[in-house]
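Use these hints to put chain H onto chain Z, whose structure you have.
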Amino acid sequence: MVERRPLLDWLAHVILLLGVTVVAFPLYVTVVAATQTAEAIVHAPMPLVPGGHLLDNLGTALGGGKGAGSSAPVARMMWVSFVTAMVIAVGKIAISLLSAFAIVYFRFPLRRLFFWAIFVTLMLPVEVRIGPTYQVVADLHLLNSYAGLTVPLIASATATFLFRQFFLTVPDELVEASRIDGASPLRFFKDVLLPLSTTSIAALFVIQFIYGWNQYLWPLLVTTDESMYPVVIGIKRMISGGEAANDWNLVMATALLAMIPPALVVILMQRWFVKGLVDAEK
Amino acid sequence: MAAISIRKLVKRYGHGSKAVQVIHGVDAEVKDGEFVVIVGPSGCGKSTLLRMVAGLEEVSDGEIAIGARVVNDVEPADRDIAMVFQNYALYPHMSVAENMAYGLKLRKMPKAQIAERVQRAAEILELGHLLARKPRELSGGQRQRVAMGRAIVRDPQVFLFDEPLSNLDAKLRVQTRLEIQKLHRELGVTSLFVTHDQVEAMTLAQRIIVMNGGRIEQMGTPEEVYGQPASTFVASFIGSPAMNLLPGRQHGGQFHIDGAALDVPPGVEGELTLGLRPEHAQLAERGWPLRVEMIEMLGAERLVYGKLGAATPFTLRLDATLPSPQAGDWLHLAFNPLHLHRFNTQTGQRL
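Quick mapping for you: the protein sequence lines, in order, are chains Z and H. Per the working numbering, the first sequence starts with residue 27, numbered consecutively. Per the working numbering, the second sequence starts with residue -16, numbered consecutively.
Because the hints were derived from the structure by calculation, they are not lab data. Fair warning: this is a prediction, and the values are worked out from it, not measured in the lab. Idealized CB from N, CA, C, for every residue including glycine. There's no promise every hint is true.
[What the hints assert, rightly or not] List time: in silico BS3-like cross-link candidates among lysine-lysine, alpha-carbon distance up to 27 angstroms:
hint, chain 1, residue 1, chain 2, residue 2
1, H, K154, H, K94
2, H, K117, Z, K216
3, H, K154, Z, K216
[Stated by the list, open to error] Derived Cβ-Cβ restraints for the label pairs, each shown as a range:
hint, chain 1, residue 1, chain 2, residue 2, range
4, H, H(-2), Z, L220, 29 to 37 angstroms
5, Z, V55, H, K88, 27 to 35 angstroms
6, H, K1, Z, H167, 32 to 40 angstroms
7, Z, Q191, H, R52, 21 to 29 angstroms
Okay, chain Z solo, but in the shape it has when bound (with noise of 0.2 angstroms):
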């Protein structure tokens, strides 16, 4: 756009504004709750600027309160959490990966039809599938583990179409050169295909592990043990229904806590992750 007019720029900016305030002050209201006492949250009208208990906030909330709904240690749960995140986020890659490598590179009987099983699962939530995947992991014995809060997240339409898109740009004569090389097809894919995908590998990580750390429904079926609470089934937890009064402060430095793996995966990852998505050399 060349345009130049300066009522649309103010116009422009003014909705900008608004949408940025939209998305900041929740946040906003979060953090200062996270840094008043539980009294001071109740009293009409709530603070908006920051208190002094922040960090008194944080350690009780990371070492387990005391207050109307469930008071585990957040530490725990944060643990629990970035364990499954990061299981889901590795299992998903490594077997997306396999799939689409035998997808691309092998012919095999009934090949297509895995292909389109694949593809056609795309169009289903884990929603869809819930109640008997609950069956199945409750028979299994696998409720409250880390194994039935990831497995039946890993399997990944999506990240194996991407990886089989990814796949298919690489030229054949690579395939053919490390065969003449003597590069058996794992070493081929070990050697070449890896280091040729860790851009669209890094950006899978960063969506699988925001995907994993905020899972909701499918931790709150397989989880009854408090010790096995991801973060964000914790923070609902500590919010007890009807009369009692509820620590806000607390509640709020939780969700505060569990904001940080998330940003910081991304923030980290940052340059990788655009570059996977926007990456179309090779």
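Structure of chain H alone, referenced to chain Z:
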């Protein structure tokens, strides 16, 4: 080093009634240390043939032997060959040195020996200062040399080249052609080189295989293929501009084409096609009458396009030092009867 023999080689794609045959029983011998170029138009099966020798395509029927060993069912890596691809197929994430060393590493060759071989290949190809670079930091010509380096370090019995020069610009192509020639002289490895460019074929080959439609049209030295083309296809494919082919009828000392009778030495009577290369006709006081239609100045020479008789096109190559004819002029052409080729009009075969 080893000879390659190809016996009754057939390639089919698909099965049963839907099978498409692309190579129809090819027989060829490449002698130990020989440089053979397979040339032909796109889709003639030349690349498929090469890829079958490399082991990248399965053999449908017939036999390929490298040295004394039939390699139909041998993995490409175990055939003791090296291949240079058209787009070089360098591993993009490996440095030049790693690219060259990769095959040796997979063969579990000791590190010191690998380093020594890479070093030697780099010297031969003048790649020494580029060893640490990645392929994307190299120019087309340099990538091409790395691809050749990767072939050299393996010290194979046979080099296979799949149109390795077609991605280079014209100047680099000439230079690389000379380098390949020099390399072959120094290393003396049996080489099979596929190209669609007849100039590459003529300049590089000790022997040329001309292919068309999945069959070998002619096999011979560049001189033979140029001087004694076995068919009208070879005659028109080898040599640039292409040989003039005049379909007509021989009767006594006359050759009748549409709208004219040309004087020719007596020979086979009846329907046939005469062939005369543009460079083998000269201007003369009397002879074949040519009406000039168009002229192209190429620097050292002029190409004169015109018609013999009513509608038979003819191209003439004139030295640029001669005065240029004008469009519409009538010229008269003479030629040495030794340079006149005769082909069967129906089959295209040489008479």
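Each hint tested on the structure:
no. : hint                                 : result
1   : H:K154 - H:K94                       : violated (38 angstroms)
2   : H:K117 - Z:K216                      : holds (19 angstroms)
3   : H:K154 - Z:K216                      : violated (38 angstroms)
4   : H:H(-2) - Z:L220: 29 to 37 angstroms : holds (35 angstroms)
5   : Z:V55 - H:K88: 27 to 35 angstroms    : violated (59 angstroms)
6   : H:K1 - Z:H167: 32 to 40 angstroms    : violated (53 angstroms)
7   : Z:Q191 - H:R52: 21 to 29 angstroms   : violated (41 angstroms)
The structure fails hints 1, 3, 5, 6 and 7 (numbered hints given earlier, in ascending order).
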